[in-house]
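S.K.: Residue-level listing of the chains:
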Amino acid sequence: MTIRKELASSLVLMLSGVVFLLYDIKYPLDQWANPGPGVFPLMVGTVWVILTAWQLVQSFRKPGSPGGEEKGRGDIQSVREFLQRNRGEAKALFMIAVFITYLLMVKWVGFFISNFLFVITSSRLLGAKDWGRPVALSTGINLFCYFLFEVWLKLSFPRGFLF
Amino acid sequence: MTHHGILSSLLIAFQPVNFLACFIGAVIGTLVGVLPGLGPAAAMALVIPLTLKLGPTAGLIMLAGIYYGSMYGGSTTSILVNVPGEPASVVTTLDGYAMARRGRAGAALAVAAIASFFAGTVSVIALQLFAPLLARSALAFGPAEYFCLTVLGVVLLSNLTGKSRIKSLVMMMIGLMLSAVGIDPLGGMERFSFGFESAQGGVSFIALTTGLFGVAEVLSVMTAGEEPVKLLPVRFRELYPNREEIKRSVAPVARGSVLGFLIGLLPGPAATMASFASYGLERRISKHRDEFGKGAIEGVAGPESANNAAAGGAMIPLLSLGLPFTPATAVLLGGMLLHGITPGPFLLRDRPDVFWGVIGSFYLGNMMLLILNLPLVGFFAKLVRIAPRYLMPAVLVLCVIGAYGDNGTLFDVWVMLGAGVVGYTMRKYDYEPAPLVVGLVLGPVMERSFRQTLIISRGNLSGLWDSPICTVLWFVILVTAVMPFIIPYLREKMRNPPSSDPAA
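These protein sequences, in sequence, are chains A and B.
Heads up: take any position in the first sequence, counting from 1, add 1009, and you land on the working numbering.
Heads up: take any position in the second sequence, counting from 1, add 166, and you land on the working numbering.
Here chain A stands alone, though its shape is the one from the complex (with noise of 0.2 Å):
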């Protein structure tokens, strides 16, 4: 991992504890003999500030790697270099822009539907090749999960607002 990355991981962190903590303060403290709701999260909350805050000196003290920091090059061969080399990380994100849809879906088309069509997605946002090994897939998993969750546990699943 480069410093660069270090420093930002350990400076959002501390941010989010500092965030924390002006949030608990609205929380009362009362006093020792009869601690209020706010004492514990306050104590952890002053914990993590002061751990990320250690953390953020060590990566300065860090030296720095040789090559390990990117260098900004702003052509397109580096631009394309860059797209290369972080093609995982596009498909987890357009992963979980399908996972948002699928979640938006459910409350429209309900759970089984949309869980077609999410497996479906996925399997080939995974690597599928063709269409029809994740189509069975994905009718074998609502089967399964409609009787193993809903007829046999009884967990009802939201039926959508057009159905």
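Since the hints were derived computationally from the structure, they do not count as laboratory data.
Possibly wrong hints are sitting among the right ones.
[Stated by the list, open to error] Dumping the calculated DSS-like pairs for lysine-lysine here, alpha-carbon to alpha-carbon at most 27 Å:
| # | chain 1 | residue 1 | chain 2 | residue 2 |
| --- | --- | --- | --- | --- |
| 1 | B | LYS219 | A | LYS1071 |
| 2 | A | LYS1116 | B | LYS219 |
| 3 | B | LYS219 | A | LYS1163 |
| 4 | B | LYS659 | A | LYS1100 |
| 5 | A | LYS1116 | A | LYS1163 |
| 6 | A | LYS1014 | B | LYS594 |
| 7 | B | LYS594 | A | LYS1071 |
Go by the hints and put chain B onto chain A.
M.R.: What follows is chain B alone, placed relative to chain A:
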């Protein structure tokens, strides 16, 4: 007492529903062990909603079955494919796969299964002897002692991942912070719910764990891509180790069982640590040292017995003190709490059926796993060929159902997705999710015991260290916290002693 315990534990475990739960747990555990990626903690988190329908005893027997079943399954792919199903079996690849390439795959698998069975059984006997003793001693514990124990847990577990101690502690603090979300356990005030009604009951444990382990794992697999797996063939008639192999395995299995059980009592990735420690020990004392790495049977027998014994050892602090010392036992504790069971010294008194049932299921499960893992080894090994493009969508759907089924609300599924994205990002920055889960589980105990201690001592902070047990525990905490910094310093000093002859 012990005979009575063994008998009653077996009677409970042999009840049809518990028997079935144990079998299903053992099968799922073996599958989890076989399939790389999905670890026992993630699988247990996915299965918790299903177990809620079974009741506490059967549900927890199933979860425990997944935990120790995964230790058995991990060796199969290590030996046949050179792909460890879970971290505790990494070391088995060194000699197991080498044996398989020499045509001794069957013998390696048989020795691994028998070693796992023997060590598993030894650790259950020790668990049965020591857990009630520790639980009875822990009855003398009050809130102050519990607070000290949880602080000790946090300090000790900061080395949970074996990576950066500070990063582990940060993750644990985030877990402790998340445990504060919802209604305050003592005053009843709503905290950190940001107006969301669904967050008033706290962060859903299942949503968080399925997200951190399940969804994050799928995203990581997508980033890493996949490689085709080559499988070495094994036939049933090859499953017999020869006399020489049996003779050379006996002592490593015995040593691995004892070593693994003792390491299991310590916080951290016990099973992985135990298998590596056993391998190191065997290589050091073996007469066939030159064979290690080229197919020495000791390199399979020792580590495989050690990782199974460690799984049993790790159950002692969980069942008797209510403290999870590994990620998998943290999830098991979460499952217990969802079933309305509070592990700890009162578990044996209040719910002997659960206590003895889980212990009895270990005997039963070990037998089932031996039977499952020998004749069906070829079948389980073939499962590793299932491509992630078909397996991972199924995992995602199970994650969704797990998170949704907990409270029947889509809010928890959004929480799971958020946890998955955060978990995936954190992993990229070397922040492991396991300490966060431990913090989430320890948080309520820590907060309650801290505030109760102060109330009892009327605000006097000395209440936290007044009792002799607390004094000892604080001493241990101090030593444990300081040692990691002092040891490297001393080592450095010894390596470069200061020059006694000041030439200047």
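S.K.: Could you work out which earlier hints the structure fails to respect and list their numbers in ascending sequence?
M.R.: 1 and 4
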